[in-house]
Amino acid sequence: MLEVRELSKSFGGLKAVDKASLDVRQGEIVALIGPNGAGKTTLFAAIAGFHRPDTGRVALDGRDITGLPPHKICAAGMVRTFQITQPFAKISVRDNIMVGAYLASPDRGLARKLAEAVAAQVGMEDQLDQMGADLTVAGRKRLELARALATGPRLLLLDEVMAGLNPSEIVDIVAVIKGIAKAGVTVLLIEHVMQAVTSLAERVYVLNQGRMIAEGTPAGIANNPEVVEAYLGHGAAKVLRA
Amino acid sequence: MTPLVRGLLVFGFAAAVIYPFLVPNYLVNIAMLMFFTAFIGQSWNISGGFAGQTSFGHAVFFGVGAYTSTILQVTHGWNAWLAWPASMAMGGAVGCMIAMLSFRAGLKGSYFALITLAFAEVFRILANSVGFTRGGLGMLIKADQRPENFQFKDSIWIYYLAFALCIVSLLIAWQLTRSRFGARLVAIRENEDAARALGIDVFTEKVKVLTLSGAMCAAGGTFYAQKYLYIDPSIAFGIDKSVEMLLVTMVGGAGTIFGPLIGSVALTFINEATRWVASAVPALKNVQPLSLIVYGIMLMLIVARLPDGLMSLFAAKVLGRKQRHA
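Respectively, the protein sequence lines represent chains B and G. For the first sequence, our numbering begins at 1 and goes up steadily by one. For the second sequence, our numbering begins at 1001 and goes up steadily by one.
Just so you know, not all the hints are guaranteed correct.
What the hints assert, rightly or not - In the BS3-like style, the derived pairs of lysine-lysine whose C-alpha atoms are separated by at most 27 Å in a straight line are:
(1) B/LYS178 to B/LYS113
(2) G/LYS1153 to B/LYS72
(3) G/LYS1108 to B/LYS90
(4) B/LYS113 to B/LYS182
(5) B/LYS90 to G/LYS1208
(6) G/LYS1227 to G/LYS1108
(7) G/LYS1153 to G/LYS1142
(8) B/LYS113 to B/LYS72
(9) G/LYS1142 to G/LYS1227
(10) B/LYS90 to B/LYS113
(11) G/LYS1227 to G/LYS1153
(12) B/LYS72 to G/LYS1208
To be verified - Ranges of calculated distance between the beta carbons of each label pair, as one might list FRET restraints:
(13) G/MET1100 to B/MET194: 53 to 61 Å
(14) B/GLN209 to G/GLY1296: 54 to 62 Å
(15) B/PRO69 to G/SER1155: 21 to 29 Å
(16) B/SER105 to G/LEU1004: 32 to 40 Å
(17) B/ASP129 to G/LEU1004: 15 to 23 Å
(18) G/ILE1297 to B/SER105: 34 to 42 Å
(19) G/MET1300 to B/GLU202: 29 to 37 Å
(20) B/THR136 to G/PHE1013: 51 to 59 Å
(21) B/LYS72 to G/LEU1101: 54 to 62 Å
(22) B/THR136 to G/ALA1014: 44 to 52 Å
In short, the hints are calculated from the structure, not lab data. Note that the structure is a prediction, hence the values are computed from the model and not measured. Yeah, the Cβ is synthetic: ideal placement off N, Cα and C, and Gly gets one too.
Okay, chain G solo, but in the shape it has when bound (with noise of 0.2 Å):
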């Protein structure tokens, strides 16, 4: 790491601590949401970035965890953060589910995607019909700010929380790029033949890393319950959660540590920009929303001009150097 990083890290960080402290209310809770988003991007980066594995329906991770702690909550009256670990290992095990399925019958590339989407829309069906999800009803949860709760009255210690686990996140890729397990995700995302030929055992690391994303991504379906009190089958399991996940990740920099955050950070800036703009000027009233139009252009760009992602800029500016990887 050079001194140039290592700086931006430690100003970063600093900058991160002190920021709800210096700005209103709604800017507070903004970048609690860049950092969420940042998280739960780092789950989907995990298994799609750095193992190749690219999912189209990662929000079924998401909604696994966010009514698994509120099934738990509502109906078994369980404490909060007592259902949260209950939560990830559901969503890993929903994760090792889809794993098996999908990879014992071969499924790659776009075919594992569309798989991933399909099993998504199932559960989001599910969450529908079935009796303990309330159905399309949604789930409440009965607001009782208490930290015990794992809810909070003032919104600085949700965005600290959120601040963690995107850290949490950042921590687990950092290691990806330095152990053994994340060298054979690599090299099974470069070349699946010449994986197995030195001796991986594709498959099992496939479903290890979907298990891990998986449960990722359930902490942090838990994590938005918790927030918003109010789930439903659309906000659990609809596309756009899996949209969100990819998006940020691509726009980043798939495959790298900071990838989902950079992307996470640009996005929530481009949200905001064009909200303003379209506040502002007259004629754009009613191009709802604008955010939409310029992620897809954006989307565009990065895919036709920057297959890496904003990293890859970042790193070629700043490091002076190529290489996608820490």
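Excised from the complex, chain B in its bound form (with noise of 0.2 Å):
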């Protein structure tokens, strides 16, 4: 569905990532992990249409999207949700998912009427005339997810949406990506938080220093000696074998 080949960017004279490819099929969740500073968010930035890259290729669905502006690769069916949360701050959290309801149609009727069954996907069915600002952190990532979640998208790519979360309430929202999963969307996220990998992942790919060094199941992932190097530093998986 998805189809990432080569992909780089640079800033400067850094390079963000380097020559990454990935790919993600129809009902799949793939997560993307890698220390920090190893480029997810740029690769997902560029995947997205917030980044030109400077080589390769995205295609969705086979259709070439490389470069599109990030609203036409929306319409195309992939949305992406934010590492820091983006909510629209002096509006209802209703009214914020209605931004994202209002894509499939302007009548104001249906944006409500699906915005408010995004809610209760998501979890937020009592919290629909807050603020924006006045959530709590799990709100606005629960948030981020709604709206990504009401622009109707085939692909979700999302951003980190555990990081600062507590256990509990990442339980939760493991169960909410597992319903939207069973729902038809396909999914690829971000997460550093590896009891959420393996309970959601079907397939890992690890970016170390813009680079993909390995991809392969959760399990085969956490044994891997280079994926392990890239987290503790060289030598470290001889160490941890002996």
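Reconstruct the complex from the two isolated chains, following the hints.
Structure, rendered in structure tokens:
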């Protein structure tokens, strides 16, 4: 469904993403992990149209979408959320979600109904009248998810929706994401919380210093020496084995 | 809409309709100016308040409107009513052009505000120097007080026209609070990146809103020219008009339906009150104009203490809630 080939993106002299490739197939939940500064968010931004890739190609359902602006990519069925949540602060949760829901139709009644249904799906039905600014961290993460979902995507890019949540909130949101996937939305997520990665993802990609260093099942990845070294430093795998 | 709000609206409407029959002529004139200022304030509010694209140079649209209809009338012999839509089209076109140039260049916030200020100044200087505006001499519209000329002998009609414009602008703002276009504008104001991610073509929406705002403001320019029958570059493109539109909206509440009207009422009241005080208190005789000093203090207080304007006080006290949207 999503095909990324040899994508590179530099900022000045720094190669943030270096010839990274990945595939997401219809119906999967795929995780993208890697140490801080590995380039995960940059790769996401390049896929979703926020950065124009220097080289490489992004295709959605076989259609080349490299370098298209975000709103066109969103209309094509792929939408991202932000690691640093970006709520519309001075409007209600309902109005926040309606902004996404309006993508499908200019009808206010329909958008409202869809927004309320999506809010229920992510467990925000009791917060519809709260202002975006008044939400807790967990609430903001859910709102990011809800707004994106309201655009009716086929592929959802989630950038660290669990960062900053406590363990019980993580359990809740894992269930929400499972529900979304079950409803037919394909998910690609960046995540640091390994407990969530192992319980959600069927396949995992590992990015380190801009390069894709491994791909596999969550269990396989955890035992991959190159991945362990990426996180813990050179020689760490040997020490751990000993 | 709660019964209380509906009651207030009906009462306000009825009071405005019978008002000119109850008061002397100069008070009719003051109220006319108040509605007119609320109207051009609303044109600013649509782009500056709802969409968050703060402009310091809305006078550019006002002036383009005033000059377009005046030139069409004086130089080309058009009827003033016919010239009115032409001036709106011109204001819209200038809004569209300024938006395309500045938003294509990625100007935001204070940079956008400065570029609009620069546009207004360029237009003022152009109007001062090119031939077809008659330069600094300004342009006189020949007085011929017949309704078909958009000139009225009895000031009651110009009052009702200003009132009608104000109502139209309120309806436009109300429509923005309940339409997709309006929701998108607010999303752009609150967070452009998030808006973009959710499928909004930010550039196009911003161009659309500045086109609408420019057309509205130009309609105000024509109205002004028809009322005073004279314009010159500093009346039409001067910074005063830009500030006036911004001020009433900020004082009343940017991004709210009634903000510009409430701000205009408040500033008109202050204006008259200070004029009365200045004439009654000998010590203040030479402090001219006192109203500007009070405006300044008021703006400071609003920005520091009440960033959502007087409307937020009203919403909290009368409606018993905090939301800024109706």
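Outcome of the hint check:
no., hint, verdict
1, B/LYS178 to B/LYS113, "holds, 23 Å"
2, G/LYS1153 to B/LYS72, "violated, 56 Å"
3, G/LYS1108 to B/LYS90, "holds, 19 Å"
4, B/LYS113 to B/LYS182, "holds, 21 Å"
5, B/LYS90 to G/LYS1208, "holds, 23 Å"
6, G/LYS1227 to G/LYS1108, "violated, 36 Å"
7, G/LYS1153 to G/LYS1142, "holds, 14 Å"
8, B/LYS113 to B/LYS72, "holds, 24 Å"
9, G/LYS1142 to G/LYS1227, "holds, 12 Å"
10, B/LYS90 to B/LYS113, "holds, 21 Å"
11, G/LYS1227 to G/LYS1153, "holds, 11 Å"
12, B/LYS72 to G/LYS1208, "holds, 18 Å"
13, G/MET1100 to B/MET194: 53 to 61 Å, "violated, 48 Å"
14, B/GLN209 to G/GLY1296: 54 to 62 Å, "holds, 56 Å"
15, B/PRO69 to G/SER1155: 21 to 29 Å, "violated, 52 Å"
16, B/SER105 to G/LEU1004: 32 to 40 Å, "holds, 33 Å"
17, B/ASP129 to G/LEU1004: 15 to 23 Å, "holds, 19 Å"
18, G/ILE1297 to B/SER105: 34 to 42 Å, "violated, 48 Å"
19, G/MET1300 to B/GLU202: 29 to 37 Å, "violated, 59 Å"
20, B/THR136 to G/PHE1013: 51 to 59 Å, "violated, 43 Å"
21, B/LYS72 to G/LEU1101: 54 to 62 Å, "violated, 23 Å"
22, B/THR136 to G/ALA1014: 44 to 52 Å, "holds, 47 Å"
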